[in-house]
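Trainee: Below, each chain spelled out in residue letters.
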Amino acid sequence: MALTNEIIQQKLTEKFGDQLSYWDQPYGMLTFVAENNINIKVLQFLYDDEQLKFRFLTDLQAVHYPDNKGAELAVVYHLHNLVDNVRIRFKVFTNIEKPEVFTATGLYEAANFMERETYDFYGVKFIGHPNLIRILNVDEMDYFPMRKEFPLEDQTRIDKDDEMFGR
Amino acid sequence: MSRPVQYNNTVKFAGIPEGYMGEGFMATNFEKVVSLARKNSIWPLPFATSCCGIEFMATAASHYDIARFGSERMSFSPRQCDLLMVMGTISKKMGPILKQVYLQMAEPRWVLAVGACASSGGIFDTYSVMQGIDQVIPVDVYVPGCPPRPEAILDGFMKIQELVHAEGLRRRESEQYKELMNSYGIQ
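Here the protein sequences line up with chains A and B, keeping their order.
Quick note on numbering: the working numbering labels position 44 of the first sequence as 44, and the sequence is numbered without any gaps.
Just add 1000 to wherever you are in the second sequence, counting from 1, and you've got the working numbering.
Honestly, the hints are just simulated from the structure, not real lab data.
Watch out, some of these pointers could steer you wrong.
As the list claims (entries may be wrong) - Cross-link-like lysine-lysine pairs, in silico, DSS-like; alpha carbons within 25 Å at most:
(1) 148/A with 1039/B
(2) 1092/B with 148/A
(3) 125/A with 1093/B
(4) 125/A with 11/A
(5) 11/A with 41/A
(6) 1099/B with 1039/B
To be verified - Listed below are several chain A residues computed to face chain B (Cβ distance under 8 Å; list not exhaustive):
(7) 137
(8) 138
(9) 145
Note that the Cβ used here is the ideal one computed from N, Cα and C, for glycine as well.
Start from the sequences, fold in the hints, and give me the full structure.
Mentor: Written out as structure tokens, the structure is:
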């Protein structure tokens, strides 16, 4: 029997109950939100279960929702079952004041660089990550550039040479 | 049918410097000879990171033919180069690498910033892109354009040639030059 979204949702609900919420299927892709502290448990369950077999981490990144007070940063996991060719996606939310999420590097090697990138651009601290340093931006950078907290044009910047190449 | 033989009558030779000439000898200024030789044998180091680099490839290829200016010898080791041609967007993370390449070049050395990105950051007015390479290394000639056509790159190259030709032998020892280098943290 083919693996359908309903089966996945049912198995996850049996295991985790109310800790998973906001079930949806935009464009046929099963999506849900997990509580912050169980993200690794959900990943491990999806990985280990003989029927689900979500053993490929397609992508991992963050989203900043500045209006969602107390849970501004969302970390999104994209998973792929390569046997049945089924994809799912889930989010965990965290507070921007203390953006801490458990690392998935124990389960997926691919999570190593992806979590570094997420830290680089959003400042999400992945607890237990072996080498959580910037990956793409310069090491001296002291802010997280993809957060939605910067004005579109900063008139105070000095690195733009207006003398010869003015805007 | 045999093709008619055509002679290339438009070959332009480098001008002979002023001097006193007789049979079998010529006396002239040493500086003029050196600058003439330097001007017509500039070895470029292409530092191409994006689309301007593609225009440079056209410039170096047979149609535009930068070899006409004595520069067919592209070097990919900075140590034997005279001219650093920076073509493309230089991110802030690339800055120290560009400077390292510049430092590895031996004096005398010149820098050509090709395109809007290398000159000023171009459209990439953003947190990760350096707003002009003149923030890390001194630039001799800027070529505008996004990307500039090969003609524009050649024009910039000829401007470099003029600079090389006009430069005195002792310019690099001058106080002003040392001051310029110091302003970039290069001694």
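Trainee: For each hint, tell me whether it holds in the structure or not.
Mentor: Structure-based check of each hint:
Proximity of residue 148/A to residue 1039/B is assessed by CA-CA distance (about 52 Å); at most 25 Å being required, the pair is judged violated. This hinted pair checks out: residue 1092/B and residue 148/A have alpha carbons roughly 21 Å apart, not beyond 25 Å. For a cut-off of 25 Å, the pair hint linking residue 125/A to residue 1093/B stands: about 23 Å separates their Cα positions. With a CA separation close to 30 Å, the supplied pair residue 125/A and residue 11/A exceeds the 25 Å bound.
For the proposed pair residue 11/A and residue 41/A, the alpha carbon gap of about 14 Å is at most 25 Å, so the pair holds. Restraint check for residue 1099/B and residue 1039/B: satisfied, since their Cα atoms lie roughly 24 Å apart, inside the 25 Å limit. With a least beta-carbon distance of about 6 Å to chain B, the hint placing residue 137/A at the interface is held under the 8 Å criterion. At a threshold of 8 Å, the smallest CB-CB gap from residue 138/A to chain B is about 5 Å, leaving the interface hint in force.
With its C-beta approaching chain B no nearer than about 5 Å, residue 145/A sits inside the 8 Å limit, and its interface hint holds.
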